Amino acid sequence: MTNHTPSTALEVRGLTRAFGEGDRLVRALQGIDLTVPAGSFTAVMGPSGSGKSTLLSCIAGLERPTSGQVLLDGTDLGGLGQNELAHLRRDRIGFVFQGFHLMPYLTAAENVELPLRLAGRRPDRHQVVALLDRVGLADRYRHRPAELSGGQQQRVAIARALVTSPAVVLADEPTGALDSAAAQDVLALLRDAVREAGATVVMVTHDPVDAAHADTVVFLADGRVVGRMDAPSAEAVAGQLAHLDDLVGAAR
Amino acid sequence: MTGLALRSLRHRPTSFVATLLAVGLGTVLMGSFATLVETSFGPVSDVDAETLVVMGAVVGGWGTLIVLFAVASTAGITVGQRAAELGTLRTVGATGGQVTRMVMSEVLAVGAVAALLGAGVATLTGRLLLGALRGVGLVGGDVVAGPGIAALGVTVAVVLLTTALAALVTARRATRGAPTVTPAEDGPQGSVLRWWRLLLGVVLVGYGVAMGVVTITVTADSADPYAAMSTSGSSSILVGVGMPTFAPWLLRGLARVGRPLLRGPAGHLAGLATQRRATSLGGVLGPVVVLTAATVGTLVLVDIDRRTVVGALDGDTELITLLNNVVVGMLSLFAAILVVNAYAAVLAHRRDELRRLWLLGATPEQVRRTVLLEAAVVAVVGVALGLLAALTTIVPFSIARDEGVVPDSGLWLPPVLAVAVLAVTLAAAASAFRRAVPPRVLAGAAA
Ligand SMILES: Nc1ncnc2c1ncn2[C@@H]1O[C@H](COP(=O)(O)OP(=O)(O)OP(=O)(O)O)[C@@H](O)[C@H]1O
Ligand SMILES: [Mg+2]
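Protein sequence lines correspond, in order, to chains C and V. One rule links them: number in our numbering = place in the first sequence (from 1) + 8. One rule links them: number in our numbering = place in the second sequence (from 1) + 244.
Check before you lean on any hint, since a few could be wrong.
[What the hints assert, rightly or not] Footprint (simulated), chain C over chain V, 3 or more residues, beta carbon under 8 Å:
(1) 512 to 518
(2) 596 to 604
(3) 608 to 615
Worth flagging that the hints you see were computed from the coordinates, not collected in a lab. Just so it is clear, the structure is predicted and the values come from calculations on it, not from any experiment. The beta-carbon is built from N, C-alpha and C at its ideal position, and this holds for glycine as well.
Go ahead and model the full structure; you've got the sequences and the hints to work with.
As structure tokens, this is what we get:
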């Protein structure tokens, strides 16, 4: 493999996911195909309820697909049991949640090392402090989440997502609970993780300005991929979104 | 606010049931003995009246302590667990007073229903208890049960007053300071030890120890062989009920000492959680201490009594032993239910947090093991403190009955009971975990 044909970090094939049954059946995902090259930054956008969170959950093994395949770093998630999925989440995936999801009784440093601890590995304190330093929190590593601002908590969560050098970092509206300054910090961190540390990031966002940081934007509507944009600008993304809303509005 | 209170009850069945159980069973236990006292005021002989008062007031008094502790700690746990919800209400504009009133009306609504149900059952169990006393000949066959209205009325009032006080204190704590939606964690220094709490604990422990000293110095030499029992019998329970007021601080300190013993990822998390969450886990530690102290203290006491009093009152001894065992059995059962109760209430509010571990890559087994190891730390610390409390009954009574500091036999009792309490605590944690975090919560729902 050469530098000109980057390897694939994540591949999604014909993914569907339905919830409920009978007249309460919801088809959250209706056949998603997606290829994410290693070292790329992908933004996923779409109206509320279009299936963005469900897609990320399926990729992380938190939801089992109804049909279709998720290949993470070449591993087919469909063949894995509960424990293997947990190990995969711990070792190969970094998840950044809208609500941070830090453990309240652990310090910032302990939260960052948690995935290593769960794997039974002894964390390297220097690496953890270096990571916290990278997210601008070197002086806060002994603080508990309750003593940190929302933006600081999310930066801890990003350090935690990066600590295992995962194949893919999944971020579901990581800036959703933050003000615009804190959101810019968080986005810069994710982008730097891709540019400087070679991470692969898939991020759900509602904000065209956020999406413009990505290499590629994938648009979802009603559980389908309805568009794709490389080297996006905020204006182009906003225009596409407005167009999408018209389409969805017309369909209803 | 009352409407909101009633609606919010439906969303928290676990704390609802916890309060219902503690208050209801507590009222049954306390009420049964209280009716004996009321019966003693009826047309009965002086001897019978004295027996009834001793049974009702002395034995019932130990029970009352445990019941009031149970009711207060349960109300404390269930209200304390809701600090975040109460904070949210305040951030959307509810005043501290409104929130406190909502919590109080909720707790009192559940408490009143439970206490009335309990009082109804107590009229029955009170008669059964009197029947048992008549059956074994401790009171004359002609003794008839009093109406029980006054006794049960007082019982219900005392139980509800305790419930309300505990709820008020906890609600006030939750609504002090600026409104916030993220309270309920101990800070780095832990929560503050309030002076009245410290005072209450010191008074209870001090009183229990003092009774032990009185046993050795005064009642040991009394002509009445039961004088020593009446002074030392309640010591273990007094100290056992007093110790939990310092529970968070004891747990934090002891968990820190024991942390190196906890291995593996689950052990690492359990050690940190017990040390830093000492305030909420202290709600479980308390019942474990009381359960251990009450059963070990009283059963060893009864055992020493059975051995040493022979000859003096041989006819009555068997009966008194039997009765004592029945009472200990009831109190232990109650304290055991309290342990289960407390665990259910503590874990019900941690579902999100435990699921979070799974989201981050912990296996379901790791999540479960974390909870069980936490329970093990609480159980070991609780049993150790409970055994310490039991000594305040055992040592003085053993000295009073001339067996020396260490009783002559029956030494197998404390370790066996300690193991039983450990088992009850771990089983309580395991079942609370199964209910609070059913397998589907830690599984990618299959489609
Ligand atoms: N556990 C579930 N049970 C039933 N339906 C669900 C479940 N999870 C998601 N859905 C449904 O699936 C659809 C997609 O939901 P999803 O959360 O993926 O949307 P989203 O694109 O992330 O929306 P938002 O932007 O609001 O976060 C919605 O219609 C939702 O109601
Ligand atoms: Mg979503």
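Per the coverage rule (Cβ-Cβ under 8 Å, at least three residues), is the stretch 608 to 615 of chain V covered by chain C? holds (count 3)
Check, residue by residue, whether the stretch 512 to 518 of chain V contains three or more positions whose beta-carbon lies closer than 8 Å to a beta-carbon of chain C, and give the verdict. Result for this restraint: holds, n = 4.
Coverage assertion for the stretch 596 to 604 of chain V with respect to chain C, Cβ distance below 8 Å, three residues required: Coverage by chain C holds here, the residue count being 6 at a Cβ distance below 8 Å.
In terms of the numbered hints stated before, the structure departs from none.
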